[in-house]
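**Student:** Starting from the known structure of chain A, fit chains B, C and D onto it as the hints suggest.
4 protein chains.
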Amino acid sequence: MNFEYSDVCKDYLRRLRAFMDAHIYPNERTYHEQLKSFGENRWQVIPVIEELKVKAREAGLWNLFLPDSDLGAGLSNADYAPLAEEMGRVPWSSEVFNCAAPDTGNMEVLVRYGTKEQQDQWLTPLLKGEIRSAFLMTEPAVASSDATNIECSITRDGDDYVVNGVKWWSSGAGDPRCKVFIVMGKTDPSAETYRQQSMILVPADAPGVTILRHLPVFGYDDAPHGHMEVKLDNVRVPASSMLLGEGRGFEIAQGRLGPGRIHHCMRTIGAAERALELMVRRAMNREAFGKRVIQHSIWEHRIAKARIDIESARLLTLKAAWMMDTVGNKAARGEIAMIKVAAPRVALQVIDDAIQVHGGGGVSDDFPLAAAYAGIRTLRIADGPDEVHERTIARLEAKRWLNEA
Amino acid sequence: MNFEYSDVCKDYLRRLRAFMDAHIYPNERTYHEQLKSFGENRWQVIPVIEELKVKAREAGLWNLFLPDSDLGAGLSNADYAPLAEEMGRVPWSSEVFNCAAPDTGNMEVLVRYGTKEQQDQWLTPLLKGEIRSAFLMTEPAVASSDATNIECSITRDGDDYVVNGVKWWSSGAGDPRCKVFIVMGKTDPSAETYRQQSMILVPADAPGVTILRHLPVFGYDDAPHGHMEVKLDNVRVPASSMLLGEGRGFEIAQGRLGPGRIHHCMRTIGAAERALELMVRRAMNREAFGKRVIQHSIWEHRIAKARIDIESARLLTLKAAWMMDTVGNKAARGEIAMIKVAAPRVALQVIDDAIQVHGGGGVSDDFPLAAAYAGIRTLRIADGPDEVHERTIARLEAKRWLNEA
Amino acid sequence: MNFEYSDVCKDYLRRLRAFMDAHIYPNERTYHEQLKSFGENRWQVIPVIEELKVKAREAGLWNLFLPDSDLGAGLSNADYAPLAEEMGRVPWSSEVFNCAAPDTGNMEVLVRYGTKEQQDQWLTPLLKGEIRSAFLMTEPAVASSDATNIECSITRDGDDYVVNGVKWWSSGAGDPRCKVFIVMGKTDPSAETYRQQSMILVPADAPGVTILRHLPVFGYDDAPHGHMEVKLDNVRVPASSMLLGEGRGFEIAQGRLGPGRIHHCMRTIGAAERALELMVRRAMNREAFGKRVIQHSIWEHRIAKARIDIESARLLTLKAAWMMDTVGNKAARGEIAMIKVAAPRVALQVIDDAIQVHGGGGVSDDFPLAAAYAGIRTLRIADGPDEVHERTIARLEAKRWLNEA
Amino acid sequence: MNFEYSDVCKDYLRRLRAFMDAHIYPNERTYHEQLKSFGENRWQVIPVIEELKVKAREAGLWNLFLPDSDLGAGLSNADYAPLAEEMGRVPWSSEVFNCAAPDTGNMEVLVRYGTKEQQDQWLTPLLKGEIRSAFLMTEPAVASSDATNIECSITRDGDDYVVNGVKWWSSGAGDPRCKVFIVMGKTDPSAETYRQQSMILVPADAPGVTILRHLPVFGYDDAPHGHMEVKLDNVRVPASSMLLGEGRGFEIAQGRLGPGRIHHCMRTIGAAERALELMVRRAMNREAFGKRVIQHSIWEHRIAKARIDIESARLLTLKAAWMMDTVGNKAARGEIAMIKVAAPRVALQVIDDAIQVHGGGGVSDDFPLAAAYAGIRTLRIADGPDEVHERTIARLEAKRWLNEA
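Residue numbers (the working numbering), protein chains in the order written: chain A, 361 to 765; chain B, 361 to 765; chain C, 361 to 765; chain D, 361 to 765.
Looking at chain A on its own, in the form it has when it is part of the complex (with noise of 0.2 Å):
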C-alpha cells in the first residue's frame, strides 16, 4: 500500500500548479470581465482562452488526460487524477489544457472506435484545440437516466444516414468553435434492448440542426459554452460518419464512461478544496462577536468535516482510478458508481458552507461559490441520477451474498 503519487504524476502537479499560480488564478477577474464585456453577445470565444491555451502548450500542458502516448501525455487514470482536481479549481481552466469535457470524452471515443477517417476529420482538430465538440445524449421528453428511453432515430437511407431527434443539455454546443456532435439514436427499434443504439457523428454546420435554445443552471447560461436543446431534422450525413457499426452505442457508452467520472469527480473535489480554503481564509479573516470566526466552534465543526470529507473523497477517487488502471472498468464499476454519488455530496455541503461564511458575498459572483455550486448540483443528476448508481451499488453488494444468503 503506498498513498503517494508517482513521481511523474507529481512532475505534472508541480508544474500545472505553478501554470494555474502563474496564468489560471492572475485571470479569473479577466475572464468574466471579457465575457461580461460580449453583452447579450455571450456565444463567442473569451480570447484570454486561446492566449492561455497557447502558452500550456508551449509548457507542455496539453492533452494530459489521454492514456495514449502518442497522441497525448500518455498518463495513467490515477496519475490524470490529480491533475485533473487541479484544473477543477478554476472551472474554465481545463479548457486551456484541452481537457475538457465533453471534447475529452469524445477524443477518446474518436481515439478508441474512431476509422482513420473520422480521425483525421475530427480527432485531429480536437486535438489541436482548434475546434470543440459535443454530446448529444439526453431527450427532454423521456427520463434518460434509462437510457434505452432514447428515441432520436437514425435511419439508413442509401450511402447516408438521416437523424430525427430532439436533444437537450447538449453541453459546449453554444460555443461557436463546435463543429461537431456525437449523437446517440435508435438504428434498430426491433433488436435486443442494447442493441438498438447507436452513436453517429453529425457536423454542427450540417442542415437540420437548429439550436432551439440554451438551458440555464440556477440562472447561469454558462456562455460561451452553453447547455443546449438541439433539433435534429432530417439531418443527413454520410454512412461513414457510423461509429464503430450500428447497435454498438451501448458499448461506446461504456468504454466512454469511467474515464469521465474520474474526470467529473476529481474536478468536483478540485472544487471542494478550493471552497475549503476559501471558507478558512474568510473565517480566519472576518471577526464576529470578539472573536475571529474560525475561533468559534461551529466552523470549527464544519472546516474539520470538510476536510474529513473531501480526503475520504479523494481517496474513494483515486482507488477507483487505480482500479480502472489495474483491473478495467468493468471491475471498477461498483467504485465507480460510488464516486459518481460521493463527490458532489462532499463538494455540495462544503460549497454551502463556504457560502454561509462569505455571507452575501457568498450568493453573489463576487466569490466563485455559487456558480460552484449551481455547477457541481447538475452533477448530482447528469450521467444517471444519484438513485441509479445507488441502485447499481446495492445490487453489487447483494451480488456478494446471492447464493449464501
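Incorrect hints may appear among the rest.
Heads up, the list lumps identical chains together, so a pair's fine if it works in one copy or across two of them.
Mimicking DSS-like on lysine-lysine, the simulated pairs with C-alpha atoms at most 27 Å apart in a straight line are [claimed, not checked]:
id	residue 1	residue 2
1	LYS651	LYS546
2	LYS539	LYS415
3	LYS651	LYS759
4	LYS759	LYS370
5	LYS591	LYS759
6	LYS476	LYS539
7	LYS413	LYS488
8	LYS476	LYS396
9	LYS370	LYS539
10	LYS759	LYS396
11	LYS591	LYS651
12	LYS396	LYS546
13	LYS396	LYS413
Keep in mind that the hints were calculated from the coordinates and are not lab data. The structure displayed is predicted, hence computed values, not measured ones.
**Tutor:** Chains B, C and D only, in chain A's frame:
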C-alpha cells in the same frame, strides 16, 4: 387550543386562491417572457404586474399585510400569515397585492414612526402602489450580521443631513419605480452602542446617489427588482427626513423586524409547499425501472419528510405570529428566531429534492425550482445569518435555568 | 387559531407538575435502587410505584387518558396530550397515574368493544390499577410491519377458542401483576384479507401460556415490565373471550391506534424536552478551553436545533390530537402517521446531543439519557416502522393530485 | 500509488479470516451463553476465550499489533490495520489474538518506556496473555477531554509514591485477570502545564485500591471486561513503578495514542462492515409489500451510502496508518484526528440502518447490532470527544494560510 384559521382569514384565503388561479398562475409564463423580451434592458417595469395590480385592488386584495385597518386590511399577523404563504407560491405575486418586501416593512415604519409630512410624501404613494422603496442597511466592508458594525455616516449640517457610505444588497433599488430609500447610518459614533445609529429617508434620485452595480444571486439578477450596491456620496437631505429622531435606528429596526420575518417565513413555506406539489406530480407522472417514480420508496421517504417538515415549520410560524398578536414581539423573540432558522432549512431541502426528481429540468428555468432555491438560500444569510439566531435561541434556553444551574 | 391550552388542561398540568416535583423526581433514584436491590430476581413489583399510585389517585391524577368521564378524567386528546408529555420526562411515571402503555390502549379497547362481562372481569381491576395487561401482536417469524402476515391461530372448538402461536415484544408481560393478554390472531385464513384476524382475551395464567424469554432493548431488560416472547400452546379460553366478534381484529386495531400514538409521541417529546434541559444545564456548568461549554457556538447550534425541533414536533402532535378530537381518527391519519415518524426522529437527535455533552456520564446510567435513547429507538420500529408510515403519507399526497396529475 | 495490501498483510489476513471462520463465528453464541450462565456472578473469565487463545497462539495469530518483531508479529501500522478491521467484526475476538485494548496500548508503553524490571514483571505475562491490564486516566469530577484537568495525585514519599484519586471508565478493570493499572496523575502541580503529569504502574491488588462500581454503556455491563470506577486511597507503590520519569505523562500519552486510534478505527470499520453484511442479507431475505426489502429503493439508498461511507473511512484510516509508518505520528496528527471523528460517525449510521431493517430483532441481542451501536457510541466521547478533534483539524487548516491570510 384551536388550529383552525379564523373566518376572516379563511375568507381572504378563499378569495386570494381564486385570484391566484385566475390571474397569477396563468401569467407565470407571461411574466418571464415579458422580462426576457427586454433583453439587456431588463431594469424596467414588467407590464403584466401593473395590469394585475389593478385587478387585485379591485378584488379587495390590497395592502393585506397592514394591521392598521384604515390603511390596509386590518389583519392580525396570524390572519395574514396564511395569505403570505399563498403568495409565496409565486415569488413575484406579492407585489400584485402590494404586499412585497421591502415595501411592506418600509410602509410599516412610516405608519408607526413617520411624521405627517413623511407619510404624505412617501407612505401615500407606496400604499397606492405608485412607487416602490428600498431599505439600505448592509455594507460590503463590515460583518453586518452585527448591526453595530455599520459605518455609513449621517451628519447634521445646518438644516440638512449629509449621508456618506456604501450599501449593498439594497433589494428593489433596481426598479425604476423605486423612489425612496430608508438608510441606516451613524449619527453619533460616540454614543452608547445602541444609540449611535439612525434611520433617514433618502430620495432615490438625490444627487450623490449612485447605483454601482447589481449583485446576482447564484446566476439570477432578479430584474427588475435587483439587489444593488449603492454609493451615497455627500447626499444631502432636509433634516425633516430623519425618522423618529437621532439615535433611534435600532428601535425602529426592532419594530420593523417581527412581522417581516413572519411574512418571509410564510412565503418560504409557500414556496416549499409548491415544490412539494411539483415533486409529487412529477413523481406520479414519470416511470423508471418499470413503475411510477412515486412508487419507489426513496421518494415515499422524501415526500413524507417534506410533508412532515412543511407542516412543522408552518405550525411553528403560525404560533410565532399568534404570539406576536397576543404577547408581543419581545415575548415572541425566541419563536421569531426559530422560524428564521427553520423555514429556509426546510424549504431548501424540499426544493432540492424536487429538483432531483425533475432531472435536468429541475436545475433549469423550465420549473420555478432552481430560482426558488437561490432566493431562499439568501434567507439563511439575510437579516442575520442562522448562527446569530441560534445564538439567541440558545441564550434564551440558558436563561431558563440561570438561577438554578 | 389559538395555541393556548384549555383551562382544564392547564389546571391538570399545574397539578401534575406539582406532583412530579413533589413525588416523582425525588424518587427517581429510589426507583432504580429498589430495582437494583432485587438483583437477579428483578421481575417483581417496585414498591415505590405502588406507594405513589395511592398518592396520585388521592390527588385526582388517575386514568387521565380516558376520554370517558365516568371512568377517567374525561379529557380530550388535545387536553391529555400535554399531560402525557409531562409524564414522558420520567419513563416509569405514567404507571403512577395509571396512564401507562399498554394498559391504556387495552382499557380503551375494553371500554369501546368489551362486553359487560369482559369489562367486569378485566376493565374494572385495570382501571383501579390492581392488575396490568399486555398486547400480543408481533411475531418473530414474520414481517409484522404488514399485520396481515400475522399467523397465530384462534380456532373455535365447541364453547371455546383454542389459541396457538408465538408472539414477541409483548411489553409488560414480565410484570407479575400482568393478568391478561389481548391476543391478535387468525380465526379465518380463508376470509378476505382484513377480515381474517380477530382479537381475544387470554388470561396470563391460562394453561399453555409460556413466557419463553425477555428481549433486551440495547442492554436494558426494562424489568419488571419487560418485553417478552410468549408461547401460546393450545391455550383454551371460553368463547365469550372474543372481542367484538370474529374477523374484527383490524377494526379494533384501528380504533386502538390513534390515541396511543398521541400518548407515545407526547411522552417522547417529554423525554426530548428533559434531555434538552439536561443538555443546557450541563453545558452551563462545565468549562472547556477557557469558557463555559454553552458559550461554544457548536452547542448554541445544537441547543437551538433541539429547541426548534421539539417545538415543531410538539405542535405537530398537538394538531394531530386536535384533529382526532374534531374530525376523527380517519381524517387525521396523515397527521398521526407524521408524528409517528417525526417525534422519535427529533427526540433521538436531541438525546444523542445531550449524551455527547455529558461525556462518559451520558452513555452510563448516571443520567437518564442512554436509557431514553434505547427506549425511543424502538419507536422507529414498533407499531409500524418509519418506512410504512412514510408510505402512508406519500400516498395521501399522491391522492391530492390523482384526478389532475 | 498502490491500494493493494502487502503480501505479508494478505497472508495474515487470509489466515486470520480462516481462523475467524473456523473458531470465532461458530463460538459467538457460546460466548454469550457462557457469560449468561454466570448469572449475577458475571465478573469472571469466559472459558471459550481461554480455549481460543491457545488455538490462536498455535496458529501464529498472536500479538499481531506489535511492530517489534522480537515480541510480536512485527507488522507495520498499515499491515496490521486490515487485521484489526477483521477482528472488529466480533467485539470479543481481539482478546483471542492478544490484541485487545487496553492491553495493546499498555504493552506498547511498557515496550517503549518500561525498565527491564517493569517489563519482566508486567510486560512478559501480558505478552503471554496470562494477565490483563487497565489504563486509569479519566476522572468523574473534571472535564477530562482536557487532560490537563486531571487531578489524581502521585506524591513521592521516601522510596515510594503514594497515589490518591478517583478514576472512572477504567475499562477492563472488572476482569479478575486484570493485575496492573497504568495510572495518570499529577506529580508536580507547580510545573509547567505539560510537565505536571506522570504515569505510574499500580498493581490491581495494591492496598487502597477499591473498585467502586461498574459503569454500564446503554445498559450493557460489558462483563467481564467492564468499565470501572476505581478509588485509589493512599495507594503506596515503590518508586521504581514510575514510568519514564516524573512529569513525562503527556510524552507517554502522545506515544501511546496513534496506533491505538488506528486499532480502534479499524475495528470500528470492521463492525460497520459486518453490520452492512447483516443489513444486506436481511434485506434479501425479508419480503414487504410484495417484494424483497432490498428491492425497495430506500434500502438501495441506505446500502449504497453505507458502502460508500465504509470504503471512504477505511481508506482514510489506512492512509493515516501509512503516514504513521512513513512520516510519523506527529506529521499524521491531522489524519489521526480525522479518523477518530469519521470512523464512529460512519459506523453508527450503518449500524442504525442495520438495526432498522432487522425490526424488533435489531434492538435486541438476537443480533450483534445494538451492542455494537452502544460500544461505538462511546468512541465519540472516549479519548477526546469529537469536538476536540475537530478543533485540532480546523487549526491545522488555519495554519496552512496563516502567513498569507
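**Student:** Each hint: holds or not?
**Tutor:** Outcome of the hint check:
no.	hint	result
1	LYS651 with LYS546	between (63 Å within a copy, 23 Å between copies)
2	LYS539 with LYS415	within (23 Å within a copy, 51 Å between copies)
3	LYS651 with LYS759	between (54 Å within a copy, 17 Å between copies)
4	LYS759 with LYS370	between (38 Å within a copy, 23 Å between copies)
5	LYS591 with LYS759	neither (42 Å within a copy, 37 Å between copies)
6	LYS476 with LYS539	within (18 Å within a copy, 67 Å between copies)
7	LYS413 with LYS488	within (10 Å within a copy, 58 Å between copies)
8	LYS476 with LYS396	neither (41 Å within a copy, 46 Å between copies)
9	LYS370 with LYS539	neither (35 Å within a copy, 52 Å between copies)
10	LYS759 with LYS396	neither (53 Å within a copy, 36 Å between copies)
11	LYS591 with LYS651	neither (57 Å within a copy, 29 Å between copies)
12	LYS396 with LYS546	neither (40 Å within a copy, 36 Å between copies)
13	LYS396 with LYS413	within (21 Å within a copy, 35 Å between copies)
When each numbered hint is compared with the structure, violations occur for hints 5, 8, 9, 10, 11 and 12.
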